[in-house]
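Number of protein chains: 2
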Amino acid sequence: MTQILLVSHGDFCIGLLNSYKMIAGETKKIKTVPLTDEGIGDFSKRLKEEVISIVQTDNLLIFCDIKGGTPFNESFNHFLKQPDKIRIVPGMNLPMLVEVGMQLETDQSLNSFYDTALNSGKQAIERIEYEEETTENDLEF
Amino acid sequence: MTQILLVSHGDFCIGLLNSYKMIAGETKKIKTVPLTDEGIGDFSKRLKEEVISIVQTDNLLIFCDIKGGTPFNESFNHFLKQPDKIRIVPGMNLPMLVEVGMQLETDQSLNSFYDTALNSGKQAIERIEYEEETTENDLEF
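In order, the protein sequences belong to chains E and S. So the first sequence is numbered by my numbering: it starts at 18 and just counts up by one. So the second sequence is numbered by my numbering: it starts at 18 and just counts up by one.
Just so you know, the hints here were simulated from the structure itself, not pulled from any lab data. As the structure is a computational prediction, the values presented were derived from the model and not from experiment. Any given hint could be a false lead.
Pairs count within a copy or across copies, as identical chains cannot be separated in the list.
Claimed, not checked - The list that follows gives simulated cross-link-like pairs (lysine-lysine, DSSO-like), each with its CA atoms no further than 30 angstroms apart: (1) Lys62 / Lys48; (2) Lys45 / Lys98; (3) Lys139 / Lys102.
Make a model of the complete structure from these sequences and hints.
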């Protein structure tokens, strides 16, 4: 199975998980590691503990706030050590989390989930024009 | 000038703004309206107040967590009323906020900022491969 770890500057990752839960309900397969005022050493230690704990049994998708930031860089080091069990997604947003999160109970490969995360995250950032009207088929939540 | 409003299910938008401030510093041009347990009526009222206040003097980009959700739908109604002063971006992430937020003091059209938000948000969601190494030219923050 696959789990998701959300990492970010500050509590953005915690807020994102809360948004997910408001839409999709509770989950034990999505966890968070925020970079706090305690600094990089503290963040790195908590990240390492979560990663080691998860990859003992599962594959891991790490959703990061932004490429080049500390949360991304620290996650990237774990990816380099275990590229067969870990993949990294920069620029995390709620649509990719909803799309992948709600499929985590299904039996898919890590790379399948990875492609879904990248594609759904990108596609969700779409141009909203004046002509476009909300239709009855659109989801509301 | 242009301002940004971040709207989301729960405090995701507040966390996102905090992440922005950790990277780019303080700003008065980015505000938040979270959908809380108080419900849609309360959210709609606070959103309306912020939108009216901002468009009196400035243009407005509304970054939303996900298309089809309440924060998006309520924002879309404001966009329909004032499409010349308001644009909506669904699937908000930190890279688009950093890219646009740090340019808000420059004199650009609303549509120029809108294109930047969409493009930078999409481009940031990129495939990270094992071969890729962080170079000295990469930003670190």
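*Tell me, in ascending order, the numbers of any earlier hints that this structure violates.*
none
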